[in-house]
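Novice: Chains as they are written, first to last, in our numbering: chain A, 1 to 461; chain B, 1 to 422; chain C, 1 to 251.
Quick caveat, the hints were computed from the structure, so don't treat them as lab data. In this text the structure is predicted, and so the values were computed from the model without any measurement. Warning: the hint list may mix true and false statements.
Claimed, not checked - As a list, the in silico DMTMM-like pairs of lysine to aspartate or glutamate whose alpha-carbon atoms are at most 20 Å apart:
| hint | chain 1 | residue 1 | chain 2 | residue 2 |
| --- | --- | --- | --- | --- |
| 1 | B | LYS11 | C | ASP78 |
| 2 | C | LYS98 | C | GLU125 |
| 3 | A | LYS354 | B | GLU6 |
| 4 | A | LYS271 | C | ASP57 |
| 5 | A | LYS265 | C | ASP57 |
| 6 | B | LYS5 | C | GLU119 |
| 7 | B | LYS14 | C | ASP78 |
| 8 | B | LYS180 | B | GLU193 |
| 9 | A | LYS354 | C | ASP54 |
| 10 | A | LYS354 | C | GLU102 |
| 11 | A | LYS359 | C | GLU102 |
| 12 | A | LYS158 | B | GLU230 |
| 13 | B | LYS5 | C | ASP78 |
Stated by the list, open to error - Negatives, chain B to chain A, calculated, CB over 10 Å:
| hint | residue |
| --- | --- |
| 14 | GLU16 |
| 15 | TYR46 |
| 16 | SER72 |
| 17 | ASP78 |
| 18 | ALA90 |
| 19 | PHE111 |
| 20 | LEU261 |
| 21 | ALA266 |
| 22 | LEU270 |
| 23 | GLU346 |
| 24 | ILE362 |
Note that beta-carbon positions come from the ideal geometry of N, C-alpha and C, so glycine has one too.
This is what each chain is made of:
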Amino acid sequence: MNLILFIFIVLLGFTSYYFGRKKAYTIQSTKKRLTALPQFYGYYLAIWCAIPAFIIFSLWAIFEPTIVKLLILSDYSNQGYLDDELNLIYEKTKALSRGQFTGEITPFIDASAEKYLSLRSIAQSSKVVIVLSAIIASVAYAYKRISSNSRTREPVEKFLNAVLFTASLAAILTTVGIVFSLIFQTIDFFKVIPLFDFVFGTHWYPAKAFVRDSSEALDPTMYSDTFGAVPIFAGTFFIAFIAMCVAIPIGLMSGIYLAEYASAKVRQYAKPLIEILAGIPTVVYGFFAALTVGPFLKELGTSMGLEVSAESALAAGGVMGIMIIPFISSLSDDVITSVPQSLRDGSYAMGATKSETIKRVIFPAALPGIVGSILLGVSRAIGETMIVVMASGLAANLTLNPLESTSTITAQIVVILIGDQAFGDPKTQAAFALGMSLFLVTLCLNIVALRVVKKYREKYE
Amino acid sequence: MNKNKEQLLNKRYKAEQRFRLYGQSAIFMALLFLTIFIFKIFSTGYSAFQKTWLIVPVTFDPELMMLEQNPSKEDIQDADYYDIALKSMADLDLNANEDQENELKRMVSYFFEKEIKNELLNDPNLIGKTKEVYLTASDDLDQVFKGNYPRDLPEDQRRVSDYQLKIFDQLVVNGKVESKFNISFFTNADSREAELAGIASSFMGSIFSILVCLMIAFPVAVLAAIYLEEFAPKNRFTDFIEVNINNLAAVPSIVFGLLGLGVLLAIFQLPRSTPLVGGITLSLMTLPTIIIAARASLKAVPPSIREAALAMGASRMQTTMHHTVPLSMPGTLSGTIIGLAQALGETAPLILIGMVAFVNTIPGSPMDPAASLPVQIYIWAESAERGFVEKVSACIMVLLGFLITMNLFAQIIRHKFEKKWS
Amino acid sequence: MIKIKAKDVDVFYGKKQALFNISLDIEENQVTALIGPSGCGKSTFLRCLNRMNDVIDICSVKGEILINDFNINDKSCDVVRLREKIGMVFQKPNPFPKTLYENVSYGPTIHGMAQSKQEMDEIVETSLKKAALWEEVKDRLHEPGTGLSGGQQQRLCIARAISVRPEVILMDEPCSALDPIATAQIEELIDELKKEHTIIIVTHSMAQAARVSQNTGFFHLGQLIEHGSTDKIFKNPDNTKTQDYITGRFG
Chain A
1 MNLILFIFIV
11 LLGFTSYYFG
21 RKKAYTIQST
31 KKRLTALPQF
41 YGYYLAIWCA
51 IPAFIIFSLW
61 AIFEPTIVKL
71 LILSDYSNQG
81 YLDDELNLIY
91 EKTKALSRGQ
101 FTGEITPFID
111 ASAEKYLSLR
121 SIAQSSKVVI
131 VLSAIIASVA
141 YAYKRISSNS
151 RTREPVEKFL
161 NAVLFTASLA
171 AILTTVGIVF
181 SLIFQTIDFF
191 KVIPLFDFVF
201 GTHWYPAKAF
211 VRDSSEALDP
221 TMYSDTFGAV
231 PIFAGTFFIA
241 FIAMCVAIPI
251 GLMSGIYLAE
261 YASAKVRQYA
271 KPLIEILAGI
281 PTVVYGFFAA
291 LTVGPFLKEL
301 GTSMGLEVSA
311 ESALAAGGVM
321 GIMIIPFISS
331 LSDDVITSVP
341 QSLRDGSYAM
351 GATKSETIKR
361 VIFPAALPGI
371 VGSILLGVSR
381 AIGETMIVVM
391 ASGLAANLTL
401 NPLESTSTIT
411 AQIVVILIGD
421 QAFGDPKTQA
431 AFALGMSLFL
441 VTLCLNIVAL
451 RVVKKYREKY
461 E
Chain B
1 MNKNKEQLLN
11 KRYKAEQRFR
21 LYGQSAIFMA
31 LLFLTIFIFK
41 IFSTGYSAFQ
51 KTWLIVPVTF
61 DPELMMLEQN
71 PSKEDIQDAD
81 YYDIALKSMA
91 DLDLNANEDQ
101 ENELKRMVSY
111 FFEKEIKNEL
121 LNDPNLIGKT
131 KEVYLTASDD
141 LDQVFKGNYP
151 RDLPEDQRRV
161 SDYQLKIFDQ
171 LVVNGKVESK
181 FNISFFTNAD
191 SREAELAGIA
201 SSFMGSIFSI
211 LVCLMIAFPV
221 AVLAAIYLEE
231 FAPKNRFTDF
241 IEVNINNLAA
251 VPSIVFGLLG
261 LGVLLAIFQL
271 PRSTPLVGGI
281 TLSLMTLPTI
291 IIAARASLKA
301 VPPSIREAAL
311 AMGASRMQTT
321 MHHTVPLSMP
331 GTLSGTIIGL
341 AQALGETAPL
351 ILIGMVAFVN
361 TIPGSPMDPA
371 ASLPVQIYIW
381 AESAERGFVE
391 KVSACIMVLL
401 GFLITMNLFA
411 QIIRHKFEKK
421 WS
Chain C
1 MIKIKAKDVD
11 VFYGKKQALF
21 NISLDIEENQ
31 VTALIGPSGC
41 GKSTFLRCLN
51 RMNDVIDICS
61 VKGEILINDF
71 NINDKSCDVV
81 RLREKIGMVF
91 QKPNPFPKTL
101 YENVSYGPTI
111 HGMAQSKQEM
121 DEIVETSLKK
131 AALWEEVKDR
141 LHEPGTGLSG
151 GQQQRLCIAR
161 AISVRPEVIL
171 MDEPCSALDP
181 IATAQIEELI
191 DELKKEHTII
201 IVTHSMAQAA
211 RVSQNTGFFH
221 LGQLIEHGST
231 DKIFKNPDNT
241 KTQDYITGRF
251 G
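Using the sequences provided together with the hints, build the complete structure.
Specialist: Quick look at the structure:
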């Protein structure tokens, strides 16, 4: 229904465009000069069609559900229901009206569902009437207004400018959305679990929070020693550390080799091949780590008399390192190639060998950019999810032994939120609190790294 | 003194060689990982494109099927196939006792009744006759036939009994086991049974998600890029937008999953597990990538083009829309394809918005619950059955095939259509 | 005495030939100026003398260049040792993004010329003094070299070049990025340096060539048109092209 209405409005828009242009042509035929191309008259009318439609649609989307809910629930007022119960009744009503209700149907709810359906259809038809009449009124008004000397190009361009500006807000809106989706759950979480326990507690055992009857009141003492995030944070940084131990030497040396030593031919083939590593989806790395690397390390360990868990931090971290190699190598390659040739010449002219030039002149000059790229790599390692979920353990051990299994922030978020979630449960809220810490940590890393890289670029541009 | 100098020079040249060697070995290591990786995936995955069939003689006995004389199409449709299906399997070993008959039945997929039925529906004249019918082998026998299953394990650690192996080997000797191209891998939805599981449902899920993602992210990103590059005043607010974009490009994907869960599902009440929500979530993630690519290609259009248009009396909007934007399109498009390829490989955010649900129907619209290819990989990788291992690798091959095609396409657009300014 | 002897030098960039059959002798402890219109190959020739063209992949050099009767284009020639003996100063000052001290001590460090910190301090001090920079910077040796003015940076680069006591110093338009006062300082310095070093300077300024050099070579379109004593080239050239260039008819 909404789709048909939408298509109809689009057609109306085209029609208005046509009429606007036609009017412009008529004016032109009377030998009067126009202030803008005839198309602009068309666009002008089309905009007058789009704006009221957009406004009414938005208002409807915001207010219709609330008003319908109020009307339905007014039948239940004065009956002593709690807010939660009223919400439940409303959800049941909606489900029943969609034919998706599976519980017991009481006559009350049945009646409400009937009422709900009739309200919806009234709302729907009145929306159609209001939208269409508003469009026709505004287009007619605009049509009357346009004449030979009315300005149409400026308003049209102003409108386009506003559209462009709105689009550019998308990035800010996304950031706001992220903060918004995280912050309320996080605050609720810290109402039950003290911040101190979260940040300094050393026992992470969210499964314990499951053993709770939902009708029971929240008893904070139940959760003491359940949501201590230290093992999670430690595991995250530990696995990221292992990853960087693999990625930094290999990535950096490949970047240096590609930038300074490799012939044009080697570069032409090796660079895209290494970058394939960056294009492989992380779930594929996860599978590889779990199926190949984990068992391989376990066997290797056994043959050397070491006890290695099949889901060791080493397997996850190592594979993650491979994934990060191309980020570091291509970023540092870029950074190194942007070091001016004159510095290289200066060093070579002093009789320095290539490696001396790299180590003593180019590397120090490129250092800020390289540090930036490493920080971006760290941020990636911390935020990486699938490899850890599939290849490392899910139990949060506080350990610095790379052969044991550990867990990370991202893995815990997935473990908690996979399947059905009950909002309002401390366990679910814990996932959002973890998400918040992840967001904050990576935000800091990214901002520092991007600033460093930007400063560096400006220096040599 | 001179000798010292000689020694020092030697040392310096050795250091030079060592350093060069480090560089070469780093490149070698990176390429080695890639090779192992590709080799491993292909060597475990290629067998999934083959499927093992048992050729079993089936007697379409009308009495066992409860069919009367001259049955209509509907009768055949409603007939009882369980008995003849069971009998034809039991007949593989005439001396089988009841337990063994059960084992015989488990040598084929639980779908075998339907396969026999389809045979008769295709050719109703078979009633009363015997025909050799192709039945899908159980996933364990499939693996045995492909040589992926260790036969030398003690019997109690295997899912295939000695008895089943004996019968199976007889069938192999008699040429009654055949391997054919696995069409059902591409046409079936997911299934709990490895031999029947296919990628059709997750494939459609991926396609729908990517389409939704494209339809949202592309227009918004291009418009935003145009504003920032061509119209935005240089002020604090613009800087703030820019910082936001650059930061969003580096925010972990799982955080976008939390956004989808906390805003799209919890507040806007959009339907869970659907490609619609998945696509919106992915579009927010791809947005910065496309904006950055589009801005870069707008920036690459030389100012002289803009000045020429402005000097002809075009307004700024006309200059941008008629000249700058069309010239920047190849770069923008190739950036968009690369962004979409990234989104196509994304798993974590989709898991959070519930696209991991088991879906055994093929979704027909973005509003139906679905999985996606990477999520399918995750689901199968977490399954215990041996038969899923090769499926995972095969699914990875399909996914990588897509990603490579998309990236090649992006390259072609870039090289073919992008103007070189110099 | 002849320090450098170039015989039939050809230089190619890929397939394009940049220098044709250059033969030129360079006198020890004198300043030789190479002049000519831009793109004539004078810098390319200069870069042949310390094999800086090796850095450019597509560049190939044919012919013999003898320094102290040793052919530097021979396979047995070690560029590291060659460049230790032949210093170079570039068109744009290019101090390393390090401290002044590190800039000057760079060469002596990599070539292992100082056994102790004191020796190194001495080398740095004498080099800076010879480059007439010591008085200006002695209190801030540990500040970054990029913080100096253009003329100071160029003198720092000269100090860096002479720190390894090269026999020859190549200068590739060393004053083109500097103001007249800094230029005068550098020219004065060149005059001083020629006592200990053989100097070859590429310049686009004929006045500069006349002021600082004893010998001059004139390049045009990749060919050495004429060379001889600066007096002769400027006052009484043999070739009409040289005459035209000197009098400013082209270039």
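Novice: Of the hints given before, which are not true for this structure?
Specialist: As far as the earlier hints go, 14, 20, 21 and 23 are violated by this structure, in ascending order.
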